[in-house]
Structure formats: C-alpha cells, structure tokens
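Student: So the chains spell out like this:
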Amino acid sequence: MRTGDTAQLIDMTGLEALFGALHERDYTIVGPTVRDGTVTMAELETAAELPWGWAADTGPGHYRLRRRDDDAGFAHCAGPQSVKTFLHPPRARLWSADRTPDGVTTTGPEPPTKRYALVGVHPCDVAALAVLDRVLAHGEHPDPVYTARRDGTLVVTAECTEPGETCFCASMGTGPAATGGYDLALTELLDGGHRFLVRAGSPAGADLLERLPARPASPVDVAAADTAVQQAAATMPRRMPDGPLPELIAANRESPHWADVASRCLTCGNCTMVCPTCFCVSTTDVTDLTGEHAERWRQWDSCFSVDFSYVHGGPVRASGASRYRQWISHKLGTWHEQFGMSGCVGCGRCIAWCPAGIDITREAAALAGEPS
Amino acid sequence: MTAVVTATASGVIPRPYRVIHRHEDTADTVTLELDRAGEGLPEFGPGQFAMLTAYGIGEVPISLSGSRGTRLIHTIRAVGAVTRALCAAAPGEVIGVRGPFGTQWDVGAAAGHDVLVVAGGIGLAPLRPVVERLLADRLAYGRVAILVGARQPRELLYPGDLRRWATHVRVEVIVDRPAPGWRGRSGLVTELIPLAGVDAGRAVAYLCGPEVMMRATARALLDRGVAADRVWLSLERAMRCGAGWCGHCQLGPLLLCRDGPVVGYPVAEPLLNVREL
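Line order of the protein sequences matches chains A and B.
Counting along the first sequence from 1, when you hit position 132 you're at 132 in UniProt numbering, and nothing is skipped either side.
Counting along the second sequence from 1, when you hit position 244 you're at 244 in UniProt numbering, and nothing is skipped either side.
Since the hints were made in silico from the structure, they are not lab data.
Only a predicted model underlies this, so the values are computations on that prediction, with no experimental measurement involved.
Worth double-checking, as some hints may not be accurate.
Not the full set, but computed from the structure, chain A residues with beta-carbon under 10 Å of chain B [unchecked claim]: (1) Tyr27; (2) Arg99; (3) Gly291; (4) Val311; (5) Gly333.
Here chain A is said to cover these stretches of chain B; the calculated rule only asks that three of the stretch's residues, wherever they fall, bring their Cβ under 8 Å from a Cβ of chain A [to be verified]: (6) 57 to 64; (7) 234 to 243; (8) 266 to 277.
The beta carbon of each residue, even a glycine, is placed where N, CA and C say it ideally should be.
Make a model of the complete structure from these sequences and hints.
Tutor: Put into structure tokens, the structure is as follows:
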C-alpha cells in the first residue's frame, strides 16, 4: 500500500538530491541509462543520465528503443542487463596462491572497492535479488564474492507503470508493485507535473528520505500511484499458466514437447546470460610461467553449453532438448525444491533476447496443455 | 538493504595438505594419504567428498576413501588433466583440499540390520569407510556381505583390505573380463547378490559404481525383497564449488553436492530413469 505517514513526494530536484545524498554517503550509484541502443544498468553520476523520455519495445527476439512523447525516466521495461552483473560479477578471482617453503599461501577474493546504491531497479529485479540472496547467501556455504558485494548495497526501486510486451511479473507475484526488499520505493507520476511518490522500506531508506526536499504526498498523489501500478498489472500482456509449475514440469520430463523446443532452440545461452537469477558459474585455474603462482577464476556458465554437464566419459546432457529441459525445469520447477522459491521473476528478458524468439510463458503453457 | 551477512572466504580457499603416502592401486588409480600443512579441515564422514586442487590445473570432487587421525585418504582415478596431476603428486607435494561436502552413508542407522555393500570399479573407494565402520562395531550389525565388481582382475582395488575384510565378513569378488590366471568369478556384480547370504527383508544396502551398475543392482535387490528405502546410492555429476552455487551437479531437484552424493533409492530411481536429466 502506498498510504501512511511515509508516503512523500519529490520532484526532479528531489531526485537530484537523492543522487547527491547517495554520493555523500560514498555509494556508487548504478541505474538504468541509454547505452548501445538499450536501456542498460551502469554507474551513474547524475540523475540526468537516467533514460528520460525513452521506452523499449520488446517482443520475442525483439528489443528496440523508442522515443516517448513524455519525459518518463522509469517507464522502460527490462533491458539486456540486470543488477546481477554488479553483485554476481561475470568474472571474479576466487583466490591466488603462492608456493612457499612450508606449503602454499592463499589469498581470498579481493574485497569490493565500491558500495552500490541500485537506483531505479524495477520490482521484478528486486525480486531477483531476493532469489540470488537465497541461492548465494543463505545456504550452508555462502558465496563470499556475492555476499561481500550484496552486504551494504542500497536498493531504490522504481515501481513499474508501463510493462513491456514480454513482461509477466504480475503472474509471478513479483511486480509491478514494490512489496519489499527495497530501502526506498519510487512511483513515477507524469500527469499534473513530473513527480515521484517515495516510500521508505528500511531505516536506511527513511534516513535518506528525511534528507530530501520532500513533502507529504496528498491522497490524490497516492491514488494516482495506485492507479498507475494497478493499470500496469491489468495491461500486462503475458502470464505464466496457472497451477503449480513444479508438478507440471516434473510430470513432463518425458514430454515430446522438448523435441519441439529443441527444433527451435539454438542452445546459445543468451537466456541464461540476461536472466537476473541464473547464477551458474564455472571455474578456471591459471598459473604463471614459473608455476609458483596459481589463481582460480570464476565465470558465469550456462546450462546450455555441452561442457556444463561434463563428467569423465562425456556430457550428461548432450542433446539440445535435454539442455532446454534442464533450464526451464530448473527455473520454474526444481528451483522450488532446491531453494523454496521460483527461479523466474517474470522480467521477460529471456523472451526478448532469444534469437529464436522462444517464449518461456508459451512453452510452459504448451506443457500445461493450454491452447497457444 | 543490508540483508545478508558477508561470508568468509575460507570456504572457497583450498587448505594446503601434504602428500604423505602415494600408493599405485592400478594402472590408472592412485591412493593418496594427506596431512594438513596448515589449518586442517573438519572431520569427514563416510560418503562425504572433498574438492581436491592440483594448483594451477584445477579442482575435482573426490570422495573420502579412508582416514587416519587427521589424515585424509583419497583414491583417485586419472581420467582428465586434474586427476592426472593429482595421481602424479609425489610424497612431499602440496595439494589443496576443501570440504567436507555432501551427505553421508548413515551407517549407524543400519545397526541391527544385515548390511550389503555393493561396489563397482572405483565405487569401492567411497564405500571403504563404510566397511571399516561396520567392522569397527561388528557386533552391532547382522550378517554383512561385501560384493565387489571390477572390469578386469588388475583393476581390483584394495586387495589387502578385501582379504582382511574376508576374515570377518563375507566378501565376494567378480570381474567382467577374466585374465589368464584368474580363478575367481566372472560376470556382473549383480550375479553376486544370491551369494550374499543376507536376509533381504532386514537388509540395508550401500551401492556405489557406474550408474548402470547401481540401477541394475538396486532393481535386483528390490526383486529379492530389500526395501527400497533401505537402498542407498552414491551419485556423481560435474561439480565446481561443492557449496550449492555453481549449478553443475543438478540431478532434477537435487543439488548432489548438498543433497547427495549419498541419495536414497526412492528419490534417485525416478531421476536416474530419465535419460539426460
């Protein structure tokens, strides 16, 4: 709900003040900006770098920027990159080791040099952070690279008021409203003056909000924000099929539908790279020429690569059909059993960035026997 | 949000262990006895595995095949670059060890039962700590049989242990391809099951070997009346972390580094029956 004492209103000056306050607190601000023909996540100096007046048209295998006829800064749907890139870096050194007379001396991963404030993150990606937290931070053996970056990260979410063609967060229960996991939540309002409803979701957020030139939001502003977000949910074009997906997936392990997907899937792995929750990694050990120094590097991996399942003798999942099955089964089904939640947040990136335009919602619907 | 606590890096950093003894078991298999060359690791249970690092080459998951005080014993078959380097490690050399990871053979739960240990090839390695535990408390268990299969006589592991075990419990050995001079049985390990002499109705079974061997063995045991939930398998998939966050070791809903490698047959069976899962 957007009601209550904490609902405040800021304008563009207030947003600039937010950037200033975050810089003052030594945060490195990461937010959406226009780059390489996309809205991508990057380090930002000022609020002016946000994608004001831009939207993105998406569809299966399709993403194009579009000029808006207003100045909205957060009315774009998910771009090719999520905040995963910053907290679970594509490449990281796990350790470096030097041979000594007594054995080996090993140094762990370098501590992060930056503390991030993630600004303008849509609720689907905030939900993705909760998924990464569960997988990488809350297991028996937490990942030191992720937790060192995640700890102390500040999240300013921007509620989604204009979903894209490929979005289905409403059916995943992860958006378009911000329901948790943030320090501050913004709702962008355009009619009657460009302004932002702001709510604090944590003491750190409340502290920040106090420093901003804000005024209490009127019931009219709150209602406008409610309407904008409800509208986004109502107009969202895609949805996951109803019913329990883990059971659906488990019941379809031998479905002939996997061969049908495989006839279209290029097993390129794009879906896993753009996915905000795909966490799989591989490791590579390297050494210098003397052999006295060794390092282990970790990099993103994809279950679509043949090597991913390699055990001595060959890969377990040699066929494209088995690899697509693994990906979607994990995302929608077995993730629940492994981590107690879905691995899909409904951001739609995998649909837009699939060169073959494979649509996870349509494949799930086909498995569920829904007419396409 | 400061929602998570920063983890220490100790879990990803291999601890240096020095090779104390190196024993060539077969043409491609070596057993290393390792002692800590710094801070040691927590105690390993039977069935658990370590991630072993050949510095500068890579890391592989290897089950514990024995222990001596704080020393770890691992039996390694050279099948790739990392395992070749580990197998070549001479006494005095330092390798990296992380662990212990994964589930254990719950040998204590077999107390009062007959016990069947069925191994194929290097599958005997993770089962050796089970046998030692059974023998250490022999009276706690009923009849015990150890059934061992190997491709060829020269690939049989731990012949000294097999002879020692045979003085306490029933040990049967079979090979696929007998060589000249082999006077033992030839065939598949499943053919040894009728010789085990255990009461199927009260037997607990521990299986480790190639997947096809474990599936055939488990089915044969169930056919003879062993309860499915008393059959335990040790499964293998690719692993990069041991910690549940590299994603490689998935078998359906299982992360085998966390939910395995030791898995009950009722859980494993429907998963192993699906090709390329």
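Student: Next, verify each hint and record whether it holds.
Tutor: Against the structure, the hints:
Annotation: tyrosine 27 of chain A was flagged as interfacial toward chain B, and the flag is violated, the nearest CB pair being 13 Å apart, outside 10 Å. Among the interface hints, the one on arginine 99 of chain A holds; its C-beta lies about 8 Å from the nearest C-beta in chain B, closer than the 10 Å criterion. Checking glycine 291 of chain A against chain B: minimum C-beta separation of about 6 Å stays under 10 Å; hint holds. Using the Cβ-Cβ criterion of 10 Å, the hint placing valine 311 of chain A at the interface with chain B is satisfied: the shortest such distance is roughly 5 Å.
Interface restraint check: glycine 333 of chain A against chain B, minimum CB-CB distance 8 Å, threshold 10 Å, status holds. Using a Cβ-Cβ cut-off of 8 Å, 3 residues of the region 57 to 64 of chain B lie near chain A, which meets the minimum of three, so the contact claim holds. Figure legend: the region 234 to 243 of chain B, annotated as covered by chain A; annotation consistent (7 residues with Cβ-Cβ distances under 8 Å, at least 3 required). Check result for the region 266 to 277 of chain B against chain A: holds, 4 residues qualifying (beta carbon to beta carbon below 8 Å, three or more required).
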